Amino acid sequence: MAKQHVTAVINGEETEFLCETQQTMLDVLRDVIGLTGSKEGCASGDCGACSVIVDGRLVCSCLMLGVEAEGKTITTIEGVADGETLHPVQQKFLEHAALQCGFCTPGLIVAAKALLDENPNPTETEARYWLAGNLCRCTGYDKVIRAVMDAAAVMRGEAAR
Amino acid sequence: MSSLSYAAPTTVDEAVKLLAGASGLAKVLSGGTDLLVQLRAGRLKPDLIVDTKKIPGIIGIRKGSDGGFVIGAATPGAEVEANAELNAAWPGIVEALDLIGSTQVQGRCSLAGNLCNASPAADSVPALFAAGAIAVVVGGKGKREVPVEQIPTGPGRTSLGKDEFILEFKLPPRGARSGDAYLRFIPRTEMDIAVVGCGINVTLDEKGVCTAARVALGAVSPTVIMVPEAAQVLVGHTLDADTLAKLDAAAQAAAKPITDKRGTVEYRKKVAGVLARRVAAIAFDRAQGKTNGKAH
Chain A
1 MAKQHVTAVI NGEETEFLCE TQQTMLDVLR DVIGLTGSKE GCASGDCGAC
51 SVIVDGRLVC SCLMLGVEAE GKTITTIEGV ADGETLHPVQ QKFLEHAALQ
101 CGFCTPGLIV AAKALLDENP NPTETEARYW LAGNLCRCTG YDKVIRAVMD
151 AAAVMRGEAA R
Chain B
1 MSSLSYAAPT TVDEAVKLLA GASGLAKVLS GGTDLLVQLR AGRLKPDLIV
51 DTKKIPGIIG IRKGSDGGFV IGAATPGAEV EANAELNAAW PGIVEALDLI
101 GSTQVQGRCS LAGNLCNASP AADSVPALFA AGAIAVVVGG KGKREVPVEQ
151 IPTGPGRTSL GKDEFILEFK LPPRGARSGD AYLRFIPRTE MDIAVVGCGI
201 NVTLDEKGVC TAARVALGAV SPTVIMVPEA AQVLVGHTLD ADTLAKLDAA
251 AQAAAKPITD KRGTVEYRKK VAGVLARRVA AIAFDRAQGK TNGKAH
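In order, the protein sequence lines correspond to chains A and B. Using my numbering, the first residue of the first sequence is number 1, and each one after it goes up by one. Using my numbering, the first residue of the second sequence is number 1, and each one after it goes up by one.
The set of hints was computed from the structure by calculation and includes no laboratory data. In this text, all values refer to a predicted model and were calculated from it rather than measured experimentally. Each residue gets a CB set at the ideal place from its N, CA and C atoms; glycine is no exception. Hints are not guaranteed to be accurate.
DSSO-like mimics (lysine-lysine), calculated; alpha carbons at most 27 Å apart, straight line [stated by the list, open to error]: (1) 3/A - 17/B; (2) 27/B - 3/A; (3) 290/B - 261/B; (4) 53/B - 162/B; (5) 3/A - 53/B; (6) 45/B - 63/B; (7) 290/B - 3/A; (8) 207/B - 54/B; (9) 290/B - 207/B; (10) 141/B - 256/B; (11) 27/B - 54/B; (12) 72/A - 27/B; (13) 72/A - 54/B; (14) 63/B - 141/B; (15) 141/B - 162/B; (16) 256/B - 269/B; (17) 54/B - 3/A; (18) 246/B - 290/B; (19) 17/B - 27/B; (20) 256/B - 270/B; (21) 72/A - 53/B; (22) 143/B - 17/B; (23) 53/B - 170/B; (24) 261/B - 207/B.
These stretches of chain B come out as covered by chain A in the derived footprint (C-beta under 8 Å, 3 or more residues) [what the hints assert, rightly or not]: (25) 37-45; (26) 66-77; (27) 105-112; (28) 267-280.
Some chain B residues well away from chain A (every beta-carbon gap over 12 Å; in silico) [what the hints assert, rightly or not]: (29) 49; (30) 57; (31) 82; (32) 101; (33) 154; (34) 187; (35) 236; (36) 260.
Excised from the complex, chain A in its bound form (with noise of 0.2 Å):
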């Protein structure tokens, strides 16, 4: 089958790309597009380095079909700063140094951004289990957990960026 036209909105732009039926959204982003940010760990869903938000729901892009793009709107990591200034959840990451080899950081930041969309002020058991999906296996996860709430304090305006 001749490859598959596809247009989507990544990051805000109106994108258009060639892709074949089995390759997932993963690959489109990081072989056709050139988006490197999303990282492939396990590629059957079971460790988040590849999450993305599309159409405002977090999804794993390795899940998703590149040709299932048609028309969604979708966010990568490449997407979540606001140009040079980084998002609350990239800044608090890097204050509280909650990353250690970085190959999961990207998932885990696009999926705090997400939950922080959906709930301002989540618990800190919501958070944990909305990020049980996302496996760190330097097994950072204290320091992600204190840079997301203090992340979700910040936007809320109850602490300094």
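Please arrange chain B on chain A, whose structure you already have, making use of the hints.
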């Protein structure tokens, strides 16, 4: 070069024609959280993928003409969980679906996918069985309504024809003093597959005596199973110690599990009895308006 074709039809008729006309294996795509893993692993080599999500009504929740809920087959878990009315009427179905995978998986996974993937350990399926849900199946011969327990026929196998797929699920109108619940046992708190799962749906009279019950067990047989013997134990009784003991025994007797890395036969049977007791207690409480929030 790829030989895998993709189609995203916008009508049922178009989708049925595509499935019927496929030369090789055709797979229906809803959320894809199982299908894409199977494609990637090479376990499935379809020639055609029919994405049903553009068919009107296949995503969304509405009230049917009889007052019961109608849930679109491909409605993602996150959308089901956000529906307050459905949560109030069928908390067991919602909590069962909510147990599938991570937040990311919830953004895509669907009731139809969970049912048609036909895993014996599928979390939402015992709850759908217990609820008496009806699958609205569409195909070349038109539309038919099938009790959900007639859909899975074995691990990874269903009773659906080549040109058939599920369009939506109908839940019966919710009467007074009714409640449902689902629990699964896993050795950790999140992100695991059921060692045993149990869904129970009951209706009580004013005195708390059970007048109707449906009990389903997961992960103890090649498919999720209905356990009418366990339901019979409940009908005509309040949830006293004697009834609970009989329910436990009936669940254990119905469980025909295998030994694998998640548990032995003996262990799974024991857990089936324990879960049945706990799920019944939650369902009875909910039927009597004693809301205790989520069951897990």
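Results for each hint:
Taken as a hint, the residue 3/A and residue 17/B pair is honoured in the structure, with Cα atoms around 22 Å apart against an allowance of 27 Å. A hinted pair counts as satisfied when its Cα atoms are at most 27 Å apart, and residue 27/B with residue 3/A qualifies at roughly 19 Å. A distance of roughly 37 Å separates the Cα atoms of residue 290/B and residue 261/B; the hinted pair therefore is violated under the 27 Å criterion. For the suggested pair residue 53/B and residue 162/B, the alpha carbons sit about 18 Å apart, so the restraint of at most 27 Å is met.
For the hint linking residue 3/A to residue 53/B, the alpha-carbon distance of about 21 Å falls within 27 Å, and the restraint holds. With a C-alpha separation of about 38 Å, the suggested pairing of residue 45/B with residue 63/B is violated against the 27 Å cut-off. Between residue 290/B and residue 3/A the CA atoms are separated by roughly 56 Å; this puts the pair beyond 27 Å, and the hint is violated. Annotation: proposed proximity of residue 207/B to residue 54/B is violated, straight-line Cα distance about 48 Å (limit 27 Å).
With a C-alpha separation of about 14 Å, the suggested pair residue 290/B and residue 207/B falls inside the 27 Å cut-off, and the hint holds. With a CA separation close to 36 Å, the supplied pair residue 141/B and residue 256/B exceeds the 27 Å bound. A distance of roughly 16 Å separates the Cα atoms of residue 27/B and residue 54/B; the hinted pair therefore holds under the 27 Å criterion. Our distance criterion of 27 Å between C-alpha atoms is met by residue 72/A and residue 27/B, whose separation comes to about 22 Å.
Distance hint between residue 72/A and residue 54/B is fulfilled; the C-alpha atoms sit about 12 Å from each other, no more than 27 Å. Between residue 63/B and residue 141/B, the direct Cα distance comes to roughly 26 Å. Compliance with the 27 Å bound is thereby established for this hinted pair. Of the supplied pair hints, the one linking residue 141/B and residue 162/B holds, its CA atoms being roughly 12 Å apart against a limit of 27 Å. Distance check on the hinted pair: residue 256/B and residue 269/B sit about 8 Å apart at the alpha-carbon level, within 27 Å; holds.
For the hint pairing residue 54/B with residue 3/A, the CA-to-CA distance comes to about 20 Å; that is within 27 Å, so the pair holds. Annotation: proposed proximity of residue 246/B to residue 290/B holds, straight-line Cα distance about 24 Å (limit 27 Å). At most 27 Å may separate the alpha-carbon atoms for a hinted pair to count; residue 17/B and residue 27/B meet this at roughly 13 Å. Distance restraint check for residue 256/B and residue 270/B: the Cα-Cα separation of roughly 11 Å lies within the 27 Å cut-off, and the hinted pair is therefore satisfied.
Of the pairs offered as hints, the one joining residue 72/A and residue 53/B holds, with about 13 Å between alpha carbons and a cut-off of 27 Å not exceeded. Between residue 143/B and residue 17/B the alpha-carbon distance is near 14 Å, which keeps this suggested pair within the 27 Å criterion. A threshold of 27 Å between alpha carbons decides the hint, and for residue 53/B with residue 170/B the separation of about 18 Å falls inside it, so the pair holds. Distance check on the hinted pair: residue 261/B and residue 207/B sit about 44 Å apart at the alpha-carbon level, beyond 27 Å; violated.
Counting residues of the segment 37-45 of chain B whose beta carbon lies closer than 8 Å to any beta carbon of chain A gives 4, which reaches the threshold of three, so the coverage claim holds. For the segment 66-77 of chain B, the stated coverage by chain A is not satisfied: 1 residues place a CB nearer than 8 Å to a CB of that chain, which falls below the threshold of 3. For the segment 105-112 of chain B, the proposed coverage by chain A is satisfied: 3 residues have a C-beta within less than 8 Å of a C-beta in that chain, meeting the threshold of three. Here's how the segment 267-280 of chain B fares: 0 of its residues keep a CB closer than 8 Å to some CB of chain A, so the rule of at least three is not met and the hint is violated.
With a closest Cβ-Cβ approach of about 6 Å to chain A, residue 49/B is found to fall inside the 12 Å limit, against its non-interface label. With a cut of 12 Å on Cβ distances, residue 57/B stays outside the contact zone with chain A, its closest approach being about 18 Å. Against chain A, the non-interface label of residue 82/B is violated: not every CB pair exceeds 12 Å, the least being about 9 Å. Consistency note on residue 101/B: stated as away from chain A, yet its beta-carbon is not over 12 Å from all of that chain's, at 7 Å minimum.
At roughly 23 Å from the closest C-beta of chain A, the C-beta of residue 154/B stays outside 12 Å, upholding its exclusion from the interface. Every beta carbon of chain A lies more than 12 Å from that of residue 187/B, the smallest distance being close to 15 Å; the non-interface claim holds. At roughly 40 Å from the closest C-beta of chain A, the C-beta of residue 236/B stays outside 12 Å, upholding its exclusion from the interface. Interface exclusion of residue 260/B from chain A stands, the closest Cβ pair being 19 Å apart, more than 12 Å.
The structure fails hints 3, 6, 7, 8, 10, 24, 26, 28, 29, 31 and 32 (numbered hints given earlier, in ascending order).
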